[in-house]
Amino acid sequence: MISCAHDETVFFFFFFIAKTDAQEQGFCQGGFSIDFTEDNRVLLGGPGSFYWQGQLISDQVDEIVKKYKPEKYSITYENQLATRPASLSYDDSYLGYSVTVGDFSGDNIEDFVSGVPRAAKTLGMVSIYDGKTMTSLYNFTGEQMAAYFGYSVATSDINGDGLVDLFIGAPLFMDRGSDGKLQELGQVSVYLQHSTNGPQHLIKLTGFEIFARFSSCIGPLGDIDGDGFNDLAIAAPYGGVNKKGLVYIYNGRPNGMSIVPSQILEGQWASQHMPSSFGYSLKGATDVDENGYPDLLVGAFGADKAILYRARPVITVTSLLEVNPTILNPESKTCSLPSGSKVSCFYVKFCLKAVGKGRVPQDLPFRVDVMLDKHKQKGAIRRALFLHTRLSSHSKNMTIQNGSGMRCEELQAFLRDDSEFRDKLTPITIFMEFQMDYKSTADSSGLLPILNQFTPTNITKQAHILLDCGEDNICKPSLKLSVESEQKKIFIGDDSPLTLIVNAQNQGEGAYEAELVVQMPPETDFIGVIRNNETFSRLSCAFKTENKTHLVVCDLGNPMKAGTQIKAALLFSVHQLTEMDNSVKFDLQIQSSNQYENSSTVQSIEIALAVLAAVEVRGVSTPNEVFLPIANWEQKMNPETEEDIGPLVQHIFELRNNGPSGFSKAILNLQWPYRYNNDTLLYIVKYEIDGPMNCTSDVEINPLNVKISASQSNEKNESRVPDNRQRNRRDLTAMNGHLQTLGCGQADCLKIECHVGRLDKGKSAILYVRSRLWTLTFLKNGNQNHSYSLKSSASFSVLEFPYKNIHIPDIQNSTVVTTNILWVNQAASLPVPVWVIILAVLSGLLLLSLMVFIMYKLGFFKRVRPPQEEAEREQLQPQENVSLQG
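Heads up, the sequence shown is in the UniProt record's numbering, so the first residue is 1 and it goes up one at a time.
The reader is advised that the hints may include incorrect statements.
Calculated lysine-lysine pairs in the DSSO-like style (CA-CA distance at most 30 Å, straight line) [what the hints assert, rightly or not]:
no., residue 1, residue 2
1, K424, K480
2, K121, K72
3, K761, K804
4, K489, K585
5, K480, K396
6, K489, K132
7, K305, K333
Now the in silico label distances, taken between C-beta atoms and shown as ranges [what the hints assert, rightly or not]:
no., residue 1, residue 2, range
8, E634, I808, 26 to 36 Å
9, K686, S797, 34 to 44 Å
10, S178, D62, 33 to 43 Å
11, G528, I808, 12 to 22 Å
12, A380, T535, 51 to 61 Å
13, G528, N452, 14 to 24 Å
14, Q263, G160, 32 to 42 Å
Quick caveat, the hints were computed from the structure, so don't treat them as lab data.
Cβ coordinates follow ideal geometry from the N, Cα and C atoms, glycine included.
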């Protein structure tokens, strides 16, 4: 009997009063809960007695019925048992809120169990009283205040040991969710009874939905699946869609019960004024339709309905799968394909047996599916096929007689030729699965049987391919690997590939699907394998990515036979280095699909990174020679434009990085001869830069603020890159004598300091210094007839590379740019007299007139007109008949 709390509900049309005075029992609420024992006693709960302490009352049903008289208000019963009032501290405890019965004393007489949900300061209690004397046997206290521990109680032998077990509901129990917050889920505490220690708390079942009131009612079902263990229903009357209610079915087990429901019944009935409360009451363990299985009645209080769930007959199926032989020899080819090809064969046998009790049909239809090499992924080559269809799967409809012996079928299958697949080591999985045709097995009422859910509906066997691995058919290779690099260092920016030379050996038995696996650093790319060298094997390699790890996988053979030695060279490019890198590391390993000793030791090789930058500074002077004196040059003491100063002299300096590594910071210092004996030499008009460079001068540039000529704006681009082009010199004779050098050791120099930014391979930074030769200095009496060599110098030093953990080499150099100032002697050039010019013009005109006259006389200017007369035309006709005379 299931006993769940029902507010203000009386189950009996009669009542009885204890033999003592009825004082303090005015609000008894007798019948709030009720249950019956097997020896026909009734147990009544009255939670309102004794100021809501509550009370249990029990008597023989026969005596109650016999003495019942409707005209009497109070009747005394001789066999009545009842609890007595306790101290005031037990007020408002609600003894009798829920009741059930079961033997917990071992005397084969059922005892009385009652929930007391407000006892123990609202922790809740469940009390067990002796069925003969109504004395206390056990008390169980809840763990959480106001959880209403004892709201529902039930008893059933859930583990099949012959002793009833106790189930206690606490529908307001709260537990923490995944967010750490408390949620009202409800809980059932399971106490398994032991022969010596009584009920022990071993299992907790917690609800699944908030405010569903899980455990509001607990109902023993009996053995609904025919496995020999009683099952249990637990209600959550406010769970499910739209809070219509749920009932969870739990199955008994030898060790207690499953903690996961095997089935969930959902309420389908709505109520207009209140929740339908599907599961508010439960009644099970009764075979209503007499099909041999107990059924379940579920009350939906709010919907004013009771729903009957009939248990489906359970069919237990025993399946068998055999493979013969289990070791497949590819060389033993005893079968023939229609094409005449010989293949290696084996047999697959599958069997079914079905047993169902109750109203189960005699003929049970099943569909059986058998698949060869099941574990191969979709699209992969199946290594075995059925001989009659040359397919890897077979389906069969079988009819099994209920309760009869095994029904079997045997098929012949064959192994593909080993040239058609690579995997020779992995077992070939033969998979069998069956399912029953339920619709054709329904009874007259439409109730369908069901397969035993604890019986697997599939079965798997394995066959192995015979390997050249000894008598045990287990290959144990001995894989050895070594690796070295042709480069001891990798220069950052170098485009040359990195070459890894690997040596792979197998000193044991065959290694199947052997592969060389190279784990690459993210800074590298795989280029390929060296194939044009007889020293190295031509491996087949592929690039792969697994879990964001870059791999190169090379095939070493299937199998890689004993004694095999393979030497190969792999090429990689190195790029995308970060400033924190100081080396690149490769991890290499030989892997195979063998079960034992299937890989080599991981070999790691780390190659250091280094920087190498071929940086140079070049310079040129345009022009590289200036000749003095300058013809028709007018001297100005206060120049206003740059042309007033003297001829243009431009020095161009290029700082170039020829690589392979780039640098991030350098300094370029320029020493410029600008004064000698307080006289200006080369007056800098301005300087310009091209590239990642910023320059400053320690002396003001163009202090006279002379106007810069706009016509010279394109000179920078025309002279961008210094070169060694030959220039044509005038036919002038330099003054014999010594060239006096005016460099920073003799003249005063200004300094231009340039900070250069990042320069990668092939990039340049160019400094253009535009100046004018201060001609007045060289035209002074003491400086005339002297030649000078003006020298500027540029030096650089690389300060920083963009790599923090790499040794930085000392890179610096310098160059000197020379402009020669040459004093030359020129023949005196006198002005041409005017009469000479006039005479030359007249002579030219006379000569022209004479030539025109001569040409006129020769008919040069006479036009040829067409003939006007017939005679003239005839003279122009050719003679067609000409006689030749000898």
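Comparing the hints with the structure gives:
{"no.": "1", "hint": "K424 x K480", "verdict": "22 Å, holds"}
{"no.": "2", "hint": "K121 x K72", "verdict": "40 Å, violated"}
{"no.": "3", "hint": "K761 x K804", "verdict": "19 Å, holds"}
{"no.": "4", "hint": "K489 x K585", "verdict": "12 Å, holds"}
{"no.": "5", "hint": "K480 x K396", "verdict": "50 Å, violated"}
{"no.": "6", "hint": "K489 x K132", "verdict": "95 Å, violated"}
{"no.": "7", "hint": "K305 x K333", "verdict": "71 Å, violated"}
{"no.": "8", "hint": "E634 x I808: 26 to 36 Å", "verdict": "56 Å, violated"}
{"no.": "9", "hint": "K686 x S797: 34 to 44 Å", "verdict": "26 Å, violated"}
{"no.": "10", "hint": "S178 x D62: 33 to 43 Å", "verdict": "56 Å, violated"}
{"no.": "11", "hint": "G528 x I808: 12 to 22 Å", "verdict": "34 Å, violated"}
{"no.": "12", "hint": "A380 x T535: 51 to 61 Å", "verdict": "36 Å, violated"}
{"no.": "13", "hint": "G528 x N452: 14 to 24 Å", "verdict": "60 Å, violated"}
{"no.": "14", "hint": "Q263 x G160: 32 to 42 Å", "verdict": "20 Å, violated"}
Hints 2, 5, 6, 7, 8, 9, 10, 11, 12, 13 and 14, counting from the list given before, are not met by this structure.
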